[in-house]
Amino acid sequence: LTRVRIGCATAWSGDRLDPATTLVERGRLDYLFFDSMSETTMSGTQIRRAEDPTVPGFDPLLEYRLRHLLGECRARRLKIVTNQGWLDPEAAARQVIEMAREDGLHGLKVAAVLPPALATDLGDSDLTFTETGTPIADEIASVVSLEVYLGAREIVEALRGGADVVITPRVTDASLTLGPLVHELGWAWDD
Amino acid sequence: MTEVPLRQLAYARSGEKGDCVYLAVIAREQSDYAVLERTVTVDRVAEVFRPILTGPVERFELPRIGALNFALNGALDGGRTRNLAFDESGKALSSRLLAMPVAVDG
Numbered sequence: 001l002t003r004v005r006i007g008c009a010t011a012w013s014g015d016r017l018d019p020a021t022t023l024v025e026r027g028r029l030d031y032l033f034f035d036s037m038s039e040t041t042m043s044g045t046q047i048r049r050a051e052d053p054t055v056p057g058f059d060p061l062l063e064y065r066l067r068h069l070l071g072e073c074r075a076r077r078l079k080i081v082t083n084q085g086w087l088d089p090e091a092a093a094r095q096v097i098e099m100a101r102e103d104g105l106h107g108l109k110v111a112a113v114l115p116p117a118l119a120t121d122l123g124d125s126d127l128t129f130t131e132t133g134t135p136i137a138d139e140i141a142s143v144v145s146l147e148v149y150l151g152a153r154e155i156v157e158a159l160r161g162g163a164d165v166v167i168t169p170r171v172t173d174a175s176l177t178l179g180p181l182v183h184e185l186g187w188a189w190d191d
Numbered sequence: 192m193t194e195v196p197l198r199q200l201a202y203a204r205s206g207e208k209g210d211c212v213y214l215a216v217i218a219r220e221q222s223d224y225a226v227l228e229r230t231v232t233v234d235r236v237a238e239v240f241r242p243i244l245t246g247p248v249e250r251f252e253l254p255r256i257g258a259l260n261f262a263l264n265g266a267l268d269g270g271r272t273r274n275l276a277f278d279e280s281g282k283a284l285s286s287r288l289l290a291m292p293v294a295v296d297g
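These protein sequences, in sequence, are chains B and X. Its first residue numbered 1, the first sequence is counted upward by one per residue in my numbering. Its first residue numbered 192, the second sequence is counted upward by one per residue in my numbering.
Treat the hints as calculated values from the structure; they're not laboratory data. Bear in mind that the values here come from a model prediction, so they are computed numbers and not experimental data. Don't take each hint at face value.
[What the hints assert, rightly or not] Only some residues are given here: those of chain B computed to face chain X with a beta carbon under 8 Å:
(1) THR40
(2) SER43
(3) ASP124
(4) ASP126
[Stated by the list, open to error] The following label-pair restraints were derived from C-beta to C-beta distances:
(5) X:ARG273 to B:GLY186: 58 to 68 Å
(6) X:PHE251 to B:ALA91: 46 to 56 Å
(7) B:THR128 to X:ARG273: 38 to 48 Å
(8) X:ARG235 to B:VAL144: 50 to 60 Å
(9) B:ALA174 to X:GLU220: 40 to 50 Å
(10) X:LEU275 to B:LEU61: 24 to 34 Å
(11) B:GLY71 to X:ALA237: 20 to 30 Å
(12) B:ARG3 to X:LEU275: 42 to 52 Å
(13) B:GLY71 to X:ALA262: 41 to 51 Å
[Unchecked claim] Calculated lysine to any residue pairs in the SDA-like style (CA-CA distance at most 25 Å, straight line):
(14) X:LYS282 to B:CYS8
(15) X:LYS282 to B:LYS109
(16) X:LYS282 to B:TRP12
(17) X:LYS208 to B:GLY27
(18) X:LYS282 to B:SER43
(19) X:LYS208 to B:LYS109
(20) X:LYS208 to X:ALA294
(21) B:LYS109 to B:SER43
(22) X:LYS282 to X:ASP296
(23) X:LYS282 to B:THR130
(24) X:LYS282 to B:ALA117
(25) B:LYS109 to B:LEU181
(26) X:LYS208 to B:GLN46
(27) X:LYS282 to B:ARG3
Beta carbons are placed, not taken as given, at the ideal position from N, Cα and C, and that holds for glycine.
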């Protein structure tokens with residue numbers, strides 16, 4: 001491709017679905033992406049999971065959204081990149097695969113980008129808060145959520161592997177569009 | 192010169208990190224970027240958000256994509272996760288900014 005058409009399905013965790021449906025049907029898209037993550041969604045999920053470990057670690061709207069769009073995206077050979085994996089992209093991917101089976105969508109390739117291993121105990125680290133310069137170790141008891149930001153590399157890898165749906169944990173917002181662009185246009189990482 | 196709400200010339204994209212809100216104001220037409228550059232100044236943005244700001248406003252210019260990015264330091268009463276305001280999100284604040292009147296020719 002020399003020109004890539006990418007549609008933004010959602011810009012936050014609670015966005016409604018209608019614009020995504022319109023984009024898929026009329027946008028002549030190559031890719032559809034969902035941004036569905038923020039500081040507040042992540043810390044809120046961590047707190048809910050601490051209170052009830054059966055709460056899924058990924059976007060509870062994943063099923064509702066993809067159930068409505070997956071078939072149409074498949075028919076149009078349109079790929080999906082989404083950060084709805086939140087804290088548990090693997091479980092999110094399993095749900096999508098299950099959904100595809102139920103809906104008779106055969107041969108759909110779903111990729112999960114895994115969150116990097118992260119020390120859950122930063123009590124010994126010398127990391128500091130950017131804003132205040134104070135050691136994180138001093139306030140570790142009140143830390144609710146720790147996440148690493150990934151970029152576009154893993155998304156590109158997944159697309160190179162032929163994925164139709166790429167589900168990520170926390171990535172920079174731009175990666176959701178940058179991934180497809182790097183993949184399709186063959187951009188170098190130092191371009 | 193007539194005055195129009197900023198949202199006639201621009202749309203916005205926003206985000207929060209800690210106690211800082213980022214508001215990107217993006218010209219709908221590249222030709223309107225000059226108007227944004229002239230009218231959406233640090234002082235005017237600071238004036239809009241004066242009641243909630245505890246830190247300085249910074250402006251970053253991105254003329255080739257017709258955009259200005261504002262960092263509103265200390266706009267969230269410590270951070271979004273602990274803020275008790277109803278309109279605590281960058282999205283709400285960006286909508287407030289787009290209501291700001293700007294002067295255009297004609």
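| field | Numbers of the earlier hints that this structure fails to satisfy, in rising order | value | Numbers 3, 4, 5, 6, 7, 8, 9, 11, 15, 17, 19, 20, 21, 22, 24 and 27 - these are the hints that the structure violates, sorted from lowest upward.
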